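Visitor: Using the sequences plus the hints, can you model the full thing?
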Amino acid sequence: MPKPSPRARALLDLLTWAIVGLSLLPIAWMLLSSLRNYSEIANGAQLGAGLDLRWQNYRELWIRVDFFGFFRNSLIICGLSTLLSTACAVCAAYALARLRFRGGNAFSLAITVTQVIPGMLFFLPLYMLYRQLGERYGLVLLDSMQGLVFLYVALFTPASIWIMRGFFVAIPRELEDAAIIDGCSRLGAFVRIVLPLSAPGIIATATFVFLLAWDELFFAWVLTSSAEVQTIPVGIRLFVSQFQHRYDLMMAAGAVSTLPVLLVFFAGQRYFVKGLAAGAVKG
Amino acid sequence: MPRAAAPRLPRRRPDPFPYLLLLPALLLMAAVNLTPILQGFYMSLLKLNQFTLAQYLDAPFVGLDNYRRVLFDGASPLRAGLGLALRNTLLYTAVVSLSAIAIGLGMALLMNRDFPGRNLARTLLLLPWIVPSYVVGSLWGFMWQRDVGIINTVLVDWLHLLDERPFWLIGANSFWAIVIPTVWRTWPVLMLIFLAALQSIPEDPYEAATLDGVSRWQQFLHITLPLLKPVILIQLMFQIIDNIYSYNLVSMMFGNGAGYPGEWADLLMPLLTRQSFSYWLFGQGAAVSFVMMALMLVFVGLWLRAFRQQMSDTPHA
Chain A
1 MPKPSPRARA
11 LLDLLTWAIV
21 GLSLLPIAWM
31 LLSSLRNYSE
41 IANGAQLGAG
51 LDLRWQNYRE
61 LWIRVDFFGF
71 FRNSLIICGL
81 STLLSTACAV
91 CAAYALARLR
101 FRGGNAFSLA
111 ITVTQVIPGM
121 LFFLPLYMLY
131 RQLGERYGLV
141 LLDSMQGLVF
151 LYVALFTPAS
161 IWIMRGFFVA
171 IPRELEDAAI
181 IDGCSRLGAF
191 VRIVLPLSAP
201 GIIATATFVF
211 LLAWDELFFA
221 WVLTSSAEVQ
231 TIPVGIRLFV
241 SQFQHRYDLM
251 MAAGAVSTLP
261 VLLVFFAGQR
271 YFVKGLAAGA
281 VKG
Chain B
1 MPRAAAPRLP
11 RRRPDPFPYL
21 LLLPALLLMA
31 AVNLTPILQG
41 FYMSLLKLNQ
51 FTLAQYLDAP
61 FVGLDNYRRV
71 LFDGASPLRA
81 GLGLALRNTL
91 LYTAVVSLSA
101 IAIGLGMALL
111 MNRDFPGRNL
121 ARTLLLLPWI
131 VPSYVVGSLW
141 GFMWQRDVGI
151 INTVLVDWLH
161 LLDERPFWLI
171 GANSFWAIVI
181 PTVWRTWPVL
191 MLIFLAALQS
201 IPEDPYEAAT
211 LDGVSRWQQF
221 LHITLPLLKP
231 VILIQLMFQI
241 IDNIYSYNLV
251 SMMFGNGAGY
261 PGEWADLLMP
271 LLTRQSFSYW
281 LFGQGAAVSF
291 VMMALMLVFV
301 GLWLRAFRQQ
311 MSDTPHA
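So the sequences go chain by chain: A and B. Take 1 as the starting number for the first sequence in my numbering and just add one per residue. Take 1 as the starting number for the second sequence in my numbering and just add one per residue.
Worth flagging that the hints you see were computed from the coordinates, not collected in a lab. Remember, it's a predicted structure, so these values are computed and weren't measured experimentally. Heads up, the beta-carbon is just placed ideally off N, CA and C, and yes, glycines get one too.
For lysine to any residue, the following SDA-like pairs were computed, each having C-alpha atoms within a straight-line distance of at most 25 Å:
1) B:K47 / A:Y127
2) A:K274 / B:L120
3) B:K47 / A:M120
4) B:K229 / A:V113
5) A:K274 / B:F115
6) A:K274 / B:L225
7) A:K274 / B:R113
8) B:K229 / B:V183
9) A:K274 / B:L227
10) A:K274 / B:P202
11) A:K274 / B:L127
12) B:K47 / A:G134
13) B:K229 / A:Q115
14) B:K47 / A:L129
15) A:K274 / B:Q310
Using C-beta positions, here's what the derived DEER-type ranges look like:
16) B:L162 / A:A28: 18 to 28 Å
17) B:Q309 / A:P196: 33 to 43 Å
18) B:A80 / A:N43: 38 to 48 Å
Guide: So this is what it looks like as structure tokens:
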């Protein structure tokens with residue numbers, strides 16, 4: 001490409017950084033508001049003199065709302081969903097990427113269709129199914145952690161299979177063949193050779209599932225009703241109806257619930273962004 | 001017989017190993033996708049309300065009556081808001097998808113240069129995408145407030161762009177109140193995907209074009225855009241699917257979601273859940289879900305038919 005003049009380049013650099021800064025402003029506003037005094041916000045005092053920053057709101061979240069109960073539930077539910085979904089995806093993706101078998105194409109097609117028709121449309125039948133299983137067979141899925149975990153694993157596994165498959169395809173087949181010739185079984189080659197090599201893919205997939213699970217409000221809202229199992233999004237939503245104008249508390253809750261996904265994202269960032277860039281993850 | 005030395009022959013009997021590997025995923029998908037599809041279709045043929053819900057298998061069979069009601073019967077509460085919600089959802093999907101892709105592409109071009117702090121800028125830009133969508137809803141719900149919201153403060157008090165403080169969460173403005181945060185949260189991830197695609201384009205065609213005196217804009221139109229077309233088409237399809245089922249943002253921005261977000265911000269999924277659970281019209285709700293599913297399958301089918309050729313030669317497939 002033709003090289004622009006230094007002046008034009010400097011202007012473009014400035015423009016780029018200005019846009020980056022502008023797009024971060026709402027997040028900065030959330031953090032700032034979470035530290036501000038309730039009455040200041042309620043009076044509409046925006047950034048006048050006497051900005052009174054404090055950590056009070058975060059303490060109040062703990063005492064008044066038991067927000068950290070929701071936090072714990074989210075961690076347990078999303079953590080378990082991530083582990084189980086990634087495990088299922090690793091197995092299925094390996095089969096799809098490496099082994100030839102009857103029905104493989106049909107399975108790939110089924111995965112594509114689940115991507116096209118989101119599970120959200122099935123909330124009524126799922127709700128009824130969970131109810132029936134509880135009433136008739138005593139299988140507690142409605143309003144329970146296991147019910148949500150089961151659902152999340154099922155919902156996020158097809159997309160995870162697709163990401164994982166891309167990583168498996170990229171590993172040279174010769175490595176496995178060599179191991180098999182040396183006397184390894186198929187399973188042995190999978191566990192000893194392929195799995196360690198695909199660690200970046202596993203991290204990317206797990207990061208992806210965790211981000212999705214952490215963001216899930218819809219089913220958590222429909223399928224749970226007691227505080228012992230409700231997740232953060234449900235907690236914040238209940239909280240909106242109870243403390244309608246406590247924006248200070250709401251912003252603190254927002255900041256606290258962004259923290260875990262931020263940590264997970266930064267931990268898996270290198271691999272995750274690569275997976276994203278490879279076009280495997282949908283935006 | 002020297003079996004060990006013989007080359008491996010394909011086995012006649014199917015090897016159980018791949019099926020064992022697929023089993024967990026297969027069972028899950030059968031339980032959470034296939035069963036509810038079949039059950040949901042059956043439910044859509046039943047008269048399911050608060051009276052027949054408990055023993056729903058014994059509910060009266062009404063055939064296609066639920067479909068007739070949600071599509072044509074003005075007396076059905078679910079039908080009442082459906083037209084508006086459909087209009088809003090289609091507009092919202094079109095505006096969000098197209099502008100997020102346009103901004104994402106523009107920024108990808110801007111970021112595809114060498115500039116100080118490039119990697120840092122990319123990481124920072126992804127932050128809005130990391131913030132959970134329900135947090136985005138409550139954050140922007142606060143920012144859009146008429147009296148205490150920062151947006152009116154900036155527009156009215158600081159920049160004097162407007163004389164009066166507008167209501168953002170009531171009336172036609174509420175449409176933009178849900179569009180803008182969605183675009184804000186979506187374009188960075190599209191930028192990243194387009195950036196990766198841009199970096200896979202070789203330099204040669206640009207060098208040749210520059211030698212021939214072709215302008216940068218013409219180079220973009222005739223080299224960059226055609227090469228990015230497959231990626232853009234795939235992302236556009238995913239955007240359309242995602243935005244049609246948008247739920248979190250609206251339900252968080254407008255209070256506890258049991259409320260009505262207004263005639264300009266009510267989308268299909270919030271309407272469907274709200275009405276299903278407030279009137280217990282599960283049969284009609286299932287019918288709406290099925291209509292949506294059918295439309296989506298037709299849309300994606302047509303899309304793939306029209307663009308399959310172009311989408312399959314993705315530069316980094």
